[in-house]
Amino acid sequence: MSSFKKEEYYFSYSGLNKLLYSPILFYNHYILGEKEDRLDSYMVEGRILHCLLLEPENFDNQFIVAMDKLPSDNVKIIIDRLCKDYPDVEKLDDLETEVLSIMQNMNYLQSLKTDEQRIKKFFTDDNRNYHEFVFSSKEKTVVDSSTVNKVKQALENMIQDPEVKQVLQLEHSEFDTHIEVYNELKLAYKLDDYVFPGVKGIIDNLVINHADKTAIINDVKTTGKSLLDFKDTVEYYNYWMQMGIYTMLVEEYLKEKQLDYEIQHNFVVIDKYNQHYIFPVGIITFTEWYNKTKLALKVANYHLSNDDYSLPYELIKEKMYL
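Take any residue in the sequence shown, count from 1 to its spot, add 561: that is its number in our numbering.
Among the hints, erroneous ones may be present.
[To be verified] Straight-line Cα separation of at most 30 Å, BS3-like style, residue types lysine-lysine; simulated pairs: (1) Lys713 - Lys786; (2) Lys751 - Lys853; (3) Lys645 - Lys751; (4) Lys699 - Lys645.
In case anyone wonders, no lab produced these hints; they're calculated from the structure.
None of these values were measured; they are calculated from a predicted model.
Using the sequences plus the hints, can you model the full thing?
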């Protein structure tokens with residue numbers, strides 16, 4: 562049962578993006594508490610990259626590396642869900658009924674005619690071993706060694722780049738007193754005149770330079786496309802909205818520190834070919850993004866104020882003709 566209360570809910574980029582894209586998905590995920598299973602490889606690789614680059618000391622707390630190749634995506638979804646829903650059941654064989662139910666909902670192995678055939682197909686030694694492994698790993702994300710090695714290779718090339726070192730301040734020391742560096746900085750900001758209290762986010766890398774009075778927001782991204790396609794990727798995933806929210810958070814953070822500094826923005830991107838590039842965001846471009854972010858928050862306020870999650874706001878507001 563979800564404990565969602567709109568008067569206590571702070572919008573993150575992911576929540577706001579989901580609401581704008583599909584209000585019913587937002588309703589199911591956040592209000593009903595029906596969390597969908599996500600196994601997209603680029604998302605896992607992105608999390609590994611963030612951790613190894615910005616918080617390497619926390620890698621073992623977040624991930625556990627499987628010794629062998631992981632099972633297929635469908636099998637992994639089923640076993641991961643079982644371990645989450647039945648954390649005290651150690652043996653996979655004690656969950657036959659639950660496995661059959663999940664497989665039916667997923668339409669997995671339903672081409673087989675009987676439950677006996679499905680059980681025989683699913684309950685293999687490899688799958689039992691994977692369940693035992695996940696059961697013992699608890700809250701950690703299970704990843705295979707090839708994925709970790711792939712990310713490490715991309716990261717090794719990236720951190721040798723002098724520009725990346727400079728932008729992210731990877732070699733920052735305690736003697737650089739004019740510069741403050743924050744990695745994975747959690748912030749929240751209260752908004753007035755909304756039914757929800759505000760926005761929140763975790764900023765990958767924030768560099769505050771007291772000498773030139775700047776605060777630079779650096780967001781690290783992995784992409785399954787090439788670097789040349791990243792402009793389209795920003796629009797497709799609404800990354801402009803993420804940067805807009807981050808700026809609101811940093812504005813408040815600087816205000817609390819009584820710092821009147823210029824905020825700048827970079828996307829630090831690694832593509833599928835292990836190429837990397839730093840994309841600065843221009844002032845005119847960001848001004849447009851910031852205004853669009855404010856409009857997005859007003860749309861969110863409409864949905865939550867009216868408890869209306871039937872359709873995206875554009876389709877509610879007026880009839881759309883093709």
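Going through the hints against the structure:
1. Lys713 - Lys786: holds, 19 Å
2. Lys751 - Lys853: With Cα atoms ~19 Å apart, Lys751 and Lys853 stay inside 30 Å; holds.
3. Lys645 - Lys751: violated, 33 Å
4. Lys699 - Lys645: holds, 8 Å
Going through the hint list in order, the structure does not satisfy hint 3, though it satisfies all others.
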